[in-house]
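Please put together the full structure from these sequences, using the hints given.
First residue of the sequence shown: 8, per the numbering used here; consecutive thereafter.
Be careful, since some hints might not be right.
Dumping the calculated PhoX-like pairs for lysine-lysine here, alpha-carbon to alpha-carbon at most 25 Å [claimed, not checked]:
| hint | residue 1 | residue 2 |
| --- | --- | --- |
| 1 | 130 | 304 |
| 2 | 303 | 285 |
| 3 | 360 | 285 |
| 4 | 92 | 535 |
| 5 | 424 | 384 |
| 6 | 516 | 156 |
| 7 | 516 | 36 |
Now the in silico label distances, taken between C-beta atoms and shown as ranges [claimed, not checked]:
| hint | residue 1 | residue 2 | range |
| --- | --- | --- | --- |
| 8 | 512 | 259 | 50 to 58 Å |
| 9 | 67 | 114 | 22 to 30 Å |
| 10 | 68 | 453 | 45 to 53 Å |
| 11 | 452 | 204 | 40 to 48 Å |
| 12 | 154 | 413 | 34 to 42 Å |
| 13 | 229 | 399 | 38 to 46 Å |
| 14 | 12 | 56 | 24 to 32 Å |
No lab work stands behind these hints, which were simulated from the structure alone. Quantities reported herein were computed from a predicted structural model and do not represent experimental measurements. Glycine included, each C-beta is placed from N, C-alpha and C at the ideal position.
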Amino acid sequence: MDAKNLVSAIAAAGSISAEAVCRALVRTKDIAHGDYAFPCFPLAKEWKLSPPDCAKKLQQSITLPSGFERCEVVGPYLNFFFERKAFVQETVRNILAAGLDVGKADNSAETYVIDYSSPNIAKPFHVGHLRATLIGMSLDRLYRHLGYKVVAINHLGDWGTQFGFVYAGFKVWGLPEKPSVDDFVDRYRRASGLRKAQDEKTVAAEDADKPEINQIARDYFIRLEAGDKEATDFWQWVLDISMEYFKNAYARIGARFDHYMGESFYRDKLPKVEVDLKAAGILTESRGALGVDLGKKLGYVRIFAEDGRSLYITRDLATADYRHNTFHPDKILIVIGNPQELYFRQLAGVLEKMGHPIAQRIVHVGFGHVPGISTRKAAAGDERISLTDLLDDAHDRALEAYRAQVDKKPEGLDEGKVAEAVGLGAVFFDYLSRTNNKDFHFDWDTALSFQGDTGPYILYALARLNSIEAKAKEAGINAGVDFDVNTIVDDGSYRLVALLSRFDDVLAKAAEEREPYHIALYTLDLAKSISAAYRELRVLGEAQNVAQARLSLFLAARNVLLVGLTLIGMKGIDRM
8 MDAKNLVSAI AAAGSISAEA VCRALVRTKD IAHGDYAFPC FPLAKEWKLS PPDCAKKLQQ
68 SITLPSGFER CEVVGPYLNF FFERKAFVQE TVRNILAAGL DVGKADNSAE TYVIDYSSPN
128 IAKPFHVGHL RATLIGMSLD RLYRHLGYKV VAINHLGDWG TQFGFVYAGF KVWGLPEKPS
188 VDDFVDRYRR ASGLRKAQDE KTVAAEDADK PEINQIARDY FIRLEAGDKE ATDFWQWVLD
248 ISMEYFKNAY ARIGARFDHY MGESFYRDKL PKVEVDLKAA GILTESRGAL GVDLGKKLGY
308 VRIFAEDGRS LYITRDLATA DYRHNTFHPD KILIVIGNPQ ELYFRQLAGV LEKMGHPIAQ
368 RIVHVGFGHV PGISTRKAAA GDERISLTDL LDDAHDRALE AYRAQVDKKP EGLDEGKVAE
428 AVGLGAVFFD YLSRTNNKDF HFDWDTALSF QGDTGPYILY ALARLNSIEA KAKEAGINAG
488 VDFDVNTIVD DGSYRLVALL SRFDDVLAKA AEEREPYHIA LYTLDLAKSI SAAYRELRVL
548 GEAQNVAQAR LSLFLAARNV LLVGLTLIGM KGIDRM
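Structure, rendered in structure tokens:
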């Protein structure tokens, strides 16, 4: 049922704007207080009455719109109640008819570019990239579900001096028979370590005859930027091996991208950046470098180094210009940690000073730090913790937790499949059930509990719904849109229906704020409501009309829960 008619009715009766009503009108948390509540404080000044008296006056003067049964005064609030039978029937029918399209909308006129994950080539997929990946993946799924045109881009760190050190490492210590990303990391670390020792003149005796690492790395990168074939072939070889590794990791967690466009993609577009900056008359010299002065707050931003080399921001200016001209986005969401906030303000500041229209469309989706994450192979804070190690550990720990905490297990169950869904779900939910900006400490025991506010608890609720359907089918009970609504208007049923009806609002709020935690916490509330209904609303052993209506309600709840979980990256599970 549409709240717009209620907004219009309150606005007319209260002689205030619909905008003011929208700002104040809220959904209630307890069905005993109705479905909507209007706090009458905005009327007090105009009517020169106390808010409780305003509520009484509004109750007497308002004409309730269709679909609302009554309104009641509670202190300064006027609470509105849906006509319960019609509301239940409409809500459950619509959700069943929509299936897994529940909550979808049409925002096809808007295009969002979402830039997320962005790992570095020739390095392992470190757990430090996981939060950016999960937030970005969830926003990608959310905006697509809401009908936006989405372009998901992985802006790889595939250009820079690190390739020179990888190259130097292979030149000095040789090439393994079957190179992997771990070999790239090994050669990089060894070369960097020797370079440091050479700079500090602390080279060990066994390395005394080795060439100067910094010179090899510097010469290689100069050749790479100049398009030298041998240098370019080595870079492409490293890139290909790294991409196979990354794509396997993304497949496991369910992330997908429309484009992998690393820094290297924009290197032939850098001359245009300099031309545009000069045309805007804002490029100035400072200590041999070229940059843009953004004033006291944002400072002087170096665009080109003293030797003419491009910098990160040079490539990001080229990136922003390319995305504007290619995808014509309404927004560019860049998911990267909070420490980069100043950098993105500077990026937007330079673009704005250039007069570039994309300046106001770049949105930094920042996020906090996750200390404490560890695996059985590596302690918290260890820079060697890779995503693969974390996911393997999640799988193994989830299997142990499942075997220890779940007593009744279905026969013939693939415990490995359960462990993968539970393990990844535990991590995903723990990461996404908090506001993006919040730092939090990850704890394995908490995340993997089947009893707390966790991913496993929600998956268990989903498995219960599947079990209800399977047992009902065996008993000849089938759900459908034609059910006896009179049997599911009791308070126990209505609490669940009321929560289901809020799904669209939750998705809209998550999209507006770019905060997946709204969806994560909603799925948790829904799982709790499902568990309560599971205890109160029996299906088997009831009269046919009662059983069929309750089953329809449970399957509507399953549709919403499954879509919600999918939007935060969690995989559904049939049995547990």
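A quick look at each hint next to the structure:
Only pairs whose Cα atoms come within 25 Å are accepted, and residue 130 paired with residue 304 is rejected, the gap being roughly 35 Å. At roughly 22 Å between alpha-carbon atoms, residue 303 and residue 285 fall within 25 Å of each other, so this suggested pair holds. Restraint check for residue 360 and residue 285: the C-alpha separation of about 12 Å stays at or below 25 Å, so the hint holds. Between residue 92 and residue 535 the alpha-carbon distance is near 23 Å, which keeps this suggested pair within the 25 Å criterion.
Of the pairs offered as hints, the one joining residue 424 and residue 384 holds, with about 23 Å between alpha carbons and a cut-off of 25 Å not exceeded. In summary, the hint linking residue 516 to residue 156 is supported, as the alpha carbons are separated by about 18 Å, within the 25 Å threshold. Between residue 516 and residue 36 the alpha-carbon distance is near 17 Å, which keeps this suggested pair within the 25 Å criterion. A hinted range of 50 to 58 Å for the beta carbons of residue 512 and residue 259 is inconsistent with their spacing of about 32 Å.
About 40 Å separates the C-beta atoms of residue 67 and residue 114, a value inconsistent with the hinted range of 22 to 30 Å. Separated by about 52 Å at the C-beta atoms, residue 68 and residue 453 satisfy the suggested range of 45 to 53 Å. For residue 452 and residue 204, the hinted distance range of 40 to 48 Å is satisfied, since their beta carbons lie about 42 Å from each other. Distance hint for residue 154 and residue 413: a CB-CB separation of about 38 Å, consistent with the stated range 34 to 42 Å.
For residue 229 paired with residue 399, a C-beta distance near 40 Å keeps the hint of 38 to 46 Å intact. In this structure, residue 12 and residue 56 meet the distance hint of 24 to 32 Å, their C-beta atoms being roughly 25 Å apart.
When each numbered hint is compared with the structure, violations occur for hints 1, 8, 9.
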